[in-house]
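Asker: As a plain string of letters, each chain reads:
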Amino acid sequence: MRVRIRHEITQRFEPGSRNLSVTVRLTPRSHEGQFIQRWTLDLDSDCRLHPQEDAFGNICHAFSVEGPTDHVTVVAEGEVETFDTTGIVRGSVEPFPPALYMRETTLTHPVASLIAFADAAVKGVPEDPLTRLHALMVRAHETLTEVDPTGSTMPLSAEAVLEAKSACAGGIAHVFIGAARHLGIPARHISGYLALDDEGAARHWAEAYVPKIGWIAFDPGRNVCATENYVRLAVGLDAFGVAPMRSTGFECRESVCAEDGRTPPRMAQAQSQGQN
Amino acid sequence: MRQAFDEMSSTDGHVRPAYETLKQWLGGVPQDVLNHRRKEAEYIFRRIGITFAVYGEQNAQERLIPFDIVPRILTKDEWGRLSTGLEQRVKALNMYIRDVYSKREILKAGIVPEDLVYKNPAFRPEMNGQRVPHDLYVHIAGIDIVRTDPDTFYVLEDNARTPSGVSYMLENREIMLRLFPELFSMHKVAPVENYADDLLATLRSLSPQSGHEPNVVILTPGIYNSAYYEHSFLADKLGVDLVEGRDLFVKDGIVFMRTTEGPKRVDVIYRRLDDDFLDPLAFRPDSVLGVPGLMSAYQAGNVTLTNAVGTGVADDKAVYSYMPDIIRFYLGEEPLLPNVPTWRCREADHLKYVLEHLPELVVKEVHGSGGYGMLVGPTADKAQIEKFREKLIADPANFIAQPTLALSTCPTLVEKGIAPRHVDLRPFILSGSDKVRIVPGGLTRVAMKEGSLVVNSSQGGGTKDTWVLDA
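Taken in sequence, the protein lines are chains A and B. Going by the numbering used here, the first residue of the first sequence is number 213, and it counts up by one from there. Going by the numbering used here, the first residue of the second sequence is number 16, and it counts up by one from there.
Each hint should be verified, as a subset may be incorrect.
Stated by the list, open to error - Heads up, incomplete: computed chain A residues facing chain B, CB under 8 Å, no partners named:
(1) R260
(2) A274
(3) P307
(4) R315
(5) R458
(6) S459
Hints in this document: simulated from the structure, not taken from any laboratory. Glycine included, each C-beta is placed from N, C-alpha and C at the ideal position.
Start from the sequences, fold in the hints, and give me the full structure.
Answerer: Here it is in structure tokens:
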């Protein structure tokens with residue numbers, strides 16, 4: 213499938229801000245399931261982009277805006293050819309062995325409720341990690357309601373999600389990741405895009421590591437393993453690590469459009485905004 | 016517990032040669048003169064303003080670290096052995112950190128368990144594959160040393176993040192010179208005043224660029240930090256700028272300092288700020304103490320951070336227990352300074368032993384410091400031990416245990432006169448791109464309470480001037 217993507221982020225700063233530093237993580241990389249046909253980053257200010265690869269193999273760009281200004285806008289745009297790999301991710305850049313993805317983070321910390329959730333999900337399920345991961349995904353999907361991300365761009369921690377019983381896709385992914393790690397399965401957080409027939413949006417999901425197979429993408433929010441509708445953007449330990457833009461401003465406005473590239477552009481925009 | 020080794024009187028009561036002159040002198044000085052000098056020392060300390068804050072206490076800003084006027088003496092020979100051992104240890108620490116963030120040979124060799132690195136909160140994935148200027152990570156190390164007999168010095172702890180206390184080492188000497196000039200004329204004491212020059216030379220040698228005079232700054236979290244005095248003291252001694260995060264900014268991968276004459280490029284940052292707060296774009300997003308974009312400048316190789324980011328992966332107490340193997344692995348040498356035997360509670364058989372022997376052991380948190388969260392078995396009561404046992408069973412990987420060592424004692428001025436008190440020693444090791452520099456001595460900490468083994472200043476420990484005799 214050919215997916216056309218346009219991702220615009222505007223961050224607001226105090227009026228008259230000078231010498232602002234910004235890091236963006238907005239450039240996908242190719243792997244066996246996706247091939248980047250073309251990709252561009254556009255800024256509304258006059259500055260130089262410094263490309264870097266972060267520790268997890270994501271392509272980042274750091275830049276500084278001299279100002280004075282009250283906002284910075286970045287537009288990432290491109291086309292990606294995707295293939296259905298039944299969720300299996302091969303050929304990705306892997307600077308770390310899977311063992312690293314057993315780390316605990318603030319957002320995926322194994323609190324009592326998360327441990328109870330994980331243990332209940334795999335009760336009576338055979339030891340096999342793949343079966344357990346599917347059981348975990350089903351359980352997360354059944355007990356947690358997915359809501360559209362509003363108010364905050366940073367998904368909730370696993371603990372908060374379990375308490376609220378509902379969260380955006382990223383929050384549900386935190387629960388899945390934390391639970392998988394508790395069960396001894398390396399798991400990580402993925403940011404990217406989901407292009408469906410009628411809508412397209414930014415999305416977060418999870419990947420878990422199964423020996424002999426490799427990394428497999430699970431989207432517990434939708435209860436599927438990633439298909440050709442998914443475009444993978446960045447990898448991290450949790451949502452912090454894959455944040456598309458990091459800076460010191462206060463308000464962040466995002467608009468994302470991901471659509472089937474074989475149809476003429478509609479550019480219907482899905483809007484989201486929030487505090488950063 | 017057996018009788019501790021006293022550095023002046025040994026265990027059998029005869030005076031050790033290094034202390035002969037001092038003992039004679041102490042014998043000839045009336046007690047009230049000593050008391051008077053001690054008061055004078057305290058007065059000077061208060062006037063200079065060397066105070067420190069104990070977090071979570073009222074009137075914290077006003078606390079003085081007790082200073083003991085009786086110096087601790089090491090011979091040239093003892094110091095020689097110590098400093099070679101320290102140099103070896105710091106070299107291995109640097110090689111270990113470099114390896115952990117690059118090829119990870121030591122994990123492949125199965126010497127250090129993987130999860131001790133990967134699951135270590137002090138491990139910074141951001142540093143993976145990141146070369147730092149001159150391949151040095153720990154530029155300023157503080158290695159805590161304890162002694163149990165005339166020949167055995169143990170390493171008690173490695174401090175590879177931002178070891179503090181060096182200002183006390185320097186101030187203690189200055190005060191001793193003022194109060195007891197006659198003692199210095201009787202002994203040939205190696206100077207420590209050159210520490211500031213050594214530190215500046217080390218920091219300059221670490222600059223990522225050659226060709227111009229490097230601009231060195233000290234980055235402090237600000238006046239509310241417990242070690243703020245030391246930050247300003249060092250900036251003053253080194254003649255460099257003391258900055259806070261908001262004084263710096265990053266432009267196109269280069270760090271600049273805001274000055275009245277416009278932006279000035281910064282090459283080396285001696286940061287006294289924890290990793291977590293360094294850069295809100297890379298670590299804690301709520302940090303206002305750091306410099307946005309600093310990590311990207313660091314990753315571009317345009318600035319040196321001292322110490323490097325992520326050095327904590329080498330200095331927690333669980334990694335400590337592997338240090339002898341780490342030294343053998345990288346250097347092919349036997350460690351010159353032994354470790355205190357350590358039980359890792361993360362291992363089942365070690366945990367079993369520890370739980371059976373709690374009343375005789377010292378149990379510490381892996382990431383603890385400042386003497387908080389530890390159990391000193393022999394001095395704890397039953398209830399404390401039982402409470403600690405529960406904590407230990409709940410999270411064994413978070414603890415290590417060590418035998419209660421009979422730390423050496425030094426003569427110390429207390430209410431009743433001169434009496435032995437337990438001491439340790441923190442020498443500071445500076446690793447530059449040109450050479451390793453260690454000023455003779457270091458900071459001697461002393462447990463002022465009789466029988467106490469806890470020397471941490473946050474727990475009422477004091478300090479002493481440390482003399483290394485030149486001849």
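Asker: Work down the list of hints and note, for each, if the structure agrees.
Answerer: We went through each hint and held it up to the structure:
{"no.": "1", "hint": "R260", "result": "6 Å, holds"}
{"no.": "2", "hint": "A274", "result": "4 Å, holds"}
{"no.": "3", "hint": "P307", "result": "6 Å, holds"}
{"no.": "4", "hint": "R315", "result": "6 Å, holds"}
{"no.": "5", "hint": "R458", "result": "4 Å, holds"}
{"no.": "6", "hint": "S459", "result": "7 Å, holds"}
The structure shown violates none of the earlier numbered hints.
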